[in-house]
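Q: Please build the complex by placing chain B on the supplied structure of chain A, with the hints as guidance.
If you're matching them up, the sequences are chains A and B in order.
Per this note's numbering, the very first residue in the first sequence carries number 241; after that it's consecutive.
Per this note's numbering, the very first residue in the second sequence carries number -11; after that it's consecutive.
To be clear, the hints were calculated from the coordinates, so they are not data collected in a lab.
Hints may contain errors.
As the list claims (entries may be wrong) - Cβ-Cβ distance ranges computed for the label pairs, FRET-style:
#1 A:W322 / B:A74: 23 to 31 Å
#2 A:R323 / B:E31: 53 to 61 Å
#3 B:A74 / A:W360: 22 to 30 Å
We put the CB at the ideal spot given by N, CA and C, even for glycine.
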Amino acid sequence: MNWHRYASPANFKRLSDRLMPWTAGGAAVFLAIGVWTGLFASPADYQQGETVRIMYVHVPAAWMSMFVYANLAVAGAAALVWRHPLAEVAGRAIAPVGAAFTFLCLVTGSLWGKPMWGTWWVWDARLTSVLILFFVYLAYMALNSAFDEPERGARASAVLALVGAINLPIIKFSVDWWNTLHQPASITRLDAPAVDPSMLVPLFAMAVGFTFFFLAVALVRIRAELLERRLEALRHARVAGSTIVERA
Amino acid sequence: MNAALALVVRDLRLALRTPAETLTILAFFVIAATLFAFGIGPEPQALARVATGIVWVVALLACLISLDRLFQSEADDGSLDQLVLAPASLELLVLAKCLAQWLTTALPLIVVSPIVATMLQLPAQGYATLLLTLLLGTPSLSLFGAIGAALSVGARKGGALLALIVLPLYIPVLIFAVAAVEAQIAGLSPRPHLFLLAGFGVFALTITPFAAAAALRQASE
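Here chain A stands alone, though its shape is the one from the complex:
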């Protein structure tokens, strides 16, 4: 498959026009199912009570925070190796979305931790590594916009995205390597999930909904970014044009 076809903004616009109804529709449908089953059609946990419903936002947000970062790292590699212009734009466009998911994960975890663990925050390995992920997102965004030439910011932040990718396995395995307060994986294990099916339905509906939501938002943001660049180019052309006229 020739990915460079989608490097052209016009081609990308056609592709995103075709994908947009599916991603936005998928987000709406799955989020609706997830919210309904999560809030009304699933039982309260025998230990956690009603607070278990926070997990239907917290766990998918945590997955998304890592999924978006993986996308960011792949986009960074594509920007560095193939100098793919769309990858540069995509990295810039999805980083704030990933940071927002990470923030949502931290906030919901904190809200859940207060009644369950009795504290808003503990310096547990999982919490700390997710906090570092949030900082890396912030650094990525700051570095991306720190230069006068956007290309330089895009390449520099791409290198940072790749270096920061070391954090992903640390987050994933932190609950196994350091036996601290955060519970170990209960879904992605080799044997059957340790969660009841009635709770898995809202969890997966929310996770799929979050993924579609991310894709839809990413498409919108990439298009906006491309339009912004075009606007900038037109503005430059106009300024250049006017100086030529003045000289003549």
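A: Same frame as chain A, now just chain B:
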């Protein structure tokens, strides 16, 4: 290899001719550590409990403030382009810069750190391990710092940006170093933490030359 050696010698000579820079960072190290003594209060028990953490955090910040000149001065006077264009491998030159930075910044900090630790009432059995963690950990600080310094060459908001990039990468070093000293003071073996610290250093040594060199190539484009 000769070029890398020449670069180390050049940086050391520059540092010797302007000792004020190294001395300023050392002064920062001591003053910032003193601030904690005032902030926490003079009780020996309270200080002893946090001494390791303070020495390490302040050493880390001292390394951080020395970083923003690491490649920026080269970029300003144009010698960065010469380094990138030089026939020697840029990855090796990056390591040379890191070595020079470590020798001129981290090593003086390590030498002074027992004095600061004494001021902060570090328990006697912690000194050897503290020095060992500093020796094992500060190379990682220099190496990861070089990545951040190379990425932020020519950036509009240098200092704060550098801190934002580098500090998340410094956190593991800080965690394992402090854990090693705390284990030693508590009478446990610091070896697992020291091994992790050393392993992290090997990781930093592996990725830094490539990441920093890639960043420098873009900076001089």
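Q: Looking at the structure, which of the earlier hints fail to hold?
A: 3
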